[in-house]
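Residue numbers (the numbering used here), protein chains in the order written: chain A, 39 to 256; chain B, 39 to 256.
Calculated from the structure, these hints are not laboratory results. Quick caveat, the model's predicted, so the values are computed rather than measured. Misleading hints may appear alongside valid ones.
Unchecked claim - Here are the simulated DSS-like pairs of lysine-lysine, each with C-alpha atoms no more than 27 Å apart in a straight line:
id, chain 1, residue 1, chain 2, residue 2
1, A, K155, A, K183
2, A, K183, B, K183
3, A, K197, B, K183
For reference, the chains in residue letters:
Number of protein chains: 2
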Amino acid sequence: MSDARSERTRLRRGAARAVYDERMLDVLDAGIVAHVGVSTPEGPIVLPMAYGRDDEHVFLHGAVANALLAHAADADVCVTVTIVDGLVMARTPFHNSMNYRSVVVRGRAEVLAGPEKVAALRIIVDHVVANWDTSRPPTELEIRKTAVLRVPLTEMSGKVRTGGPVDEPDDLAGPHWAGTVPLAAAWAAPAPSPDLPGPIAVPPAIAALEGRPAHDTR
Amino acid sequence: MSDARSERTRLRRGAARAVYDERMLDVLDAGIVAHVGVSTPEGPIVLPMAYGRDDEHVFLHGAVANALLAHAADADVCVTVTIVDGLVMARTPFHNSMNYRSVVVRGRAEVLAGPEKVAALRIIVDHVVANWDTSRPPTELEIRKTAVLRVPLTEMSGKVRTGGPVDEPDDLAGPHWAGTVPLAAAWAAPAPSPDLPGPIAVPPAIAALEGRPAHDTR
C-alpha cells in the first residue's frame with residue numbers, strides 16, 4: 039500500500055473495499071463505453087472504447103493498427119466510465135451539478151495473447167448484451183487482427199452523485215426554482231439488418247433489451 | 039498547417055473544413071459531458087466534466103482546488119465528447135460496433151479571468167439548458183472559487199457512425215441475426231427540489247426539456 043502508484047486513487051483496497059469495490063463494479067457493469075486516456079509525446083489522447091471486466095481487470099480491444107492501443111501497450115492508462123443520470127439545477131449556477139456514476143481505473147495496460155486473449159474478447163463482446171454464443175465464432179485471422187489489453191482493477195476510484203441540489207442556506211427562501219431533470223436512457227426495439235437473407239429470429243438476449251434501461255447493472 | 043501540432047488530428051481545417059467543422063460542432067452541442075484527459079508524472083487522468091463551446095473554443099470549469107484542472111492549466115489536454123446512439127450487432131463479434139458521434143479536441147488549456155471568465159461560465163451553464171438568466175447570479179466569491187479553462191477548436195477531429203453492420207460477404211447468407219439496437223435517451227419530467235419554499239414555476243427552458251431527446255443538437 040506504500041508504493042507511489044497506490045497514492046493515485048482516493049479509494050483504495052482496504053477496510054472499506056468490499057462496499058466501495060462492489061459499487062464501482064456496478065458502475066462498470068452499467069456503462070457502455072469507456073473513455074481511455076494515454077499520454078503521448080504530443081499530449082494526452084482520450085478515445086471512447088468498448089470494454090468488459092472480470093473481478094480483477096478491465097479489458098479493452100481494437101484493431102491491431104489502432105494508434106491509441108499502440109500507445110497504451112505496456113504503458114500507464116486511465117480508463118474512465120461515466121453514466122449521466124440527470125441534471126441538478128440549483129438556485130445559482132455555482133451549485134448546478136449532475137447526477138452521475140463514474141469510475142476511474144488507472145494502471146499499466148498489458149497486451150493479451152492466446153486463450154487469455156480469446157476469453158477477454160468474449161467478455162468485451164458480452165459486456166452490454168451476451169451474443170458471443172449466438173453469433174458466428176471469430177476466425178483465427180480475426181483474432182490476430184484484434185489487439186486486446188487488460189488493466190488491473192487495483193487502482194480504482196468511484197464517485198456517485200444522487201439527489202437534489204445543495205444550495206446556500208440564504209437562497210432557500212428565494213424566488214428561484216431548483217430541482218433535477220432525470221435522463222432516461224432505454225434500448226429501443228432491435229432493427230434487423232436489411233441484408234438478412236430471410237426471417238431470422240432475434241437472439242433472445244438481444245430481443246430482451248427492448249424497453250430496458252440502458253444503464254442498469256445487468 | 040506544417041507545425042507538429044497540426045499533425046495530431048486527422049481532420050484539419052482546410053478544404054473540407056466547412057462540412058466537417060459544422061458536423062463536429064453539432065456533436066459538441068449534442069453532448070452533455072466531456073471526458074477530459076491530462077498527462078501527469080504518474081500517468082494520464084481522464085475525468086468527466088461539464089463543458090460549453092463557442093465558435094472558437096471549448097470551455098471547462100471546476101473548483102479551483104480541482105486537481106485535474108490544475109494539471110490542465112497551460113498544459114496540453116484532450117477533450118472528448120461521445121454520444122452512443124446504439125449497438126451494431128454483426129453476424130460475428132469481429133464486426134460488432136456501435137453507432138456513435140464523437141469529437142476529440144486537443145490543445146493547450148488556457149486559464150481565463152475577468153469578463154472572459156464570466157462569459158465562459160455562462161456558456162458552460164447554458165450548454166445543456168439555458169438557465170443562467172433564470173437563476174440567482176453568481177457572486178464574486180463564487181466566481182473566484184471557480185476555475186475556467188478554454189481550449190481552442192483548431193485541432194478537432196470527429197467520427198460519426200450510423201447504419202447497420204458491415205459483415206463479411208461469406209456470412210450474409212448464414213443463419214446469424216444481424217442488426218442494430220438503438221439507444222433512446224430523453225429527459226424526464228423536471229422534479230422540484232423538496233426544499234422549495236412553495237410553488238415556484240419551472241423556468242420555461244427547463245420545463246421544455248421534458249420528453250425531448252437528450253442528444254439533439256439544441
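Status of the hints after comparison with the structure:
no.	hint	verdict
1	A:K155 <-> A:K183	12 Å, holds
2	A:K183 <-> B:K183	49 Å, violated
3	A:K197 <-> B:K183	22 Å, holds
Of the numbered hints given earlier, the model fails hint 2 alone.
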